[in-house]
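Residue numbers (my numbering), protein chains in the order written: chain A, 16 to 240; chain B, 4 to 404.
It is worth saying that the hints were derived from the structure and are not from the lab. Honestly, I wouldn't trust all of these hints.
Selected chain A positions facing chain B (Cβ under 8 Å, derived; list incomplete) [stated by the list, open to error]:
id	residue
1	V33
2	L69
3	R96
4	T114
5	A190
Fair warning: this is a prediction, and the values are worked out from it, not measured in the lab. A virtual CB, placed ideally from N, CA and C, is assigned to each residue, including glycine.
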Amino acid sequence: MIRLEAIRREFQVGGEPVHALNGVSLTVERGEYLSIMGPSGSGKSTLLHIIGLLDRPTAGRYWLAGRNVTGLSDQERALIRREKIGFVFQLFHLVPRLTAAQNIELPLTLDGLPPEKRTDRVQSILAAYGLAARARHLPNQLSGGERQRVAIARAAVTRPEILLADEPTGNLDRASGREVIELLERLNHEGLTLILVTHDPELGSRARCRLQMRDGCLLADGEAR
Amino acid sequence: MRATDILRFALQALRGYPVRSWLVLLAMAIGVAAVVLLTALGEGARHYVTGKFASLGSHLLIILPGRSETTGGHPPILGETPRDLTLDDAFALLRSPRIERVAPVVLGSAPASWQRREREVTVIGSTSAFRRVRHLDLAEGDFLPIMEPRSAPAICVLGATVRAELFGPERALGQWVRLGDRRYRVIGVLTPQGQSIGLDLDEVVIIPVTSAQALFDSPSLFRVLAEAKTREDIASAAADVREIIRHRHEGEEDVTVITQDAVIATLDRIFQALTLAVGGIAAISLVVAGILIMNVMLVSVSERRQEIGLLKALGASGGKIQVMFLTEAALLSLTGAFLGLGLGLLGVWTGRELYPVLPLAPPPWALVGALAVGLGAGLVFGVLPARRAASLDPVQALAGR
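All chains, full assembly: derive it from the sequences and hints.
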């Protein structure tokens, strides 16, 4: 599904090059549940952004579903994001002026789906995620857990193959965090490839496959401790 | 993304910051309204002035002594003054079959007095034809009678103001008014005429042309007014005038003939240029409104970085984001422009109700132009913010940096 080969990513910070990723190679199978753990600044978010085609590696190669996506244009990458990848962020990133239902609808709208189809898909996912009563609420009228569930619904409504979650529980209390993680795991059971970035070892240890990052390098699970 | 969805998204975004959106709409509306109102004013003035001139006398020719010429070689070494226009020249013009009537005009100023009241007046010496040529109406008495042009009876017709100031409530008809060192009997008083081609006809005293020549001790005419029989005759009448005068002036065509059509056409051009200039100045405010749109859109882009990052993460390409933001700018400018059009037309309508004399009417090109420039400014100035939004790095944008 995902194959990274010697991926490097450098940033220029104040004229000094910073190596966020230092030659990362990684293979993720379809339907995998992978967690990437590590302290902040270890490059785990950068790795997630590169997998999600939001960021380009400085060097290295990347195959997604058998296709080399390393050198694709902005437009082609956008298309792949739209069709294959869902994102869940720590800060939810809901559009504040849109209702829960409209937020979930947004990727379908960007896709150019006809309105009737969009409404159907949004209604069914709202019902499935227990958000039907919240459909017309604005994000600031929702609790943190509800916001993250709306964000997950938005990521899942396009039926992507890969779900990338960056500290999805980082801004939630334990109870809502548990709900959110269970929802993500349910999607993984349904066949979605789930990649979870977290610095919480308890959360990370729930994944079938666990990776540790340190200074832009991947370590196998256990090695870090 | 469907066009309707793009529009709806832009509309929702604009409603997200209503105060800013309304202020920009107002700026654009004021710009468009200014163009509409000012061009309407210019057009109104044009119609008013040309209308006034057309009402002067429909087929008027004005003949001035001297030739206005912009071509030619060296100036003559000996001063070559043009011949004067004389009464004989004026009446010779009647030989043209295309000229209906001729009014010679002598102009000067003299003190006018009655009893102990005295004031300076403009004295016009002419004939009975003057009344018809200039469409004058009388409040009291008669105009100069038709008579042998060489006779110089001591009679006069007063302008409305002159009559009021010399006689007040007393009866003017039949009284003797002193002009310079001669006395003239008042036989008529004009109705108030108002200003007309630089001459206030309320401030004049009209006497027979020969009397005026005697009064000012000069045989030369100030000008000759001639009226062509029909509108179509104006051009050939002017040619006849030149021909007759050249014949009488030993082959020298030393008069200038101004036709009323030419005057009106010139005024028309002047006012059209004025309308254009004023409209152009007003259009600057449209550009200012465009810059305002750019400003608001730039603020909006930097406030909505995270949203733009999200849209990119959801699979919107840079091009699509550019279209979305351009749509917002276009929506702002278009709504503002139509708002301004409504405001401007309302203003024009109000103006027409208040001052029916002035035929206010915005020219169609100004309406179309204002809309086009407004929308164009919005789009042109919307490009930079939209480009900026499109070029944001999604990772940075999502982090709010």
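Verification of the supplied hints:
Checking A:V33 against chain B: minimum C-beta separation of about 14 Å lies over 8 Å; hint violated. A hinted interface residue such as A:L69 counts as satisfied when its beta carbon comes closer than 8 Å to some beta carbon of chain B; here the least separation is about 5 Å, so the hint holds. With 8 Å as the threshold, the beta carbon of A:R96 comes within range of chain B, its nearest partner Cβ sitting at about 4 Å, so the hint holds. Against a cut-off of 8 Å between C-beta atoms, the interface hint on A:T114 is violated, since the closest Cβ of chain B lies about 10 Å away.
Hint on A:A190 is violated. Least Cβ distance to chain B is approximately 26 Å, over the 8 Å limit.
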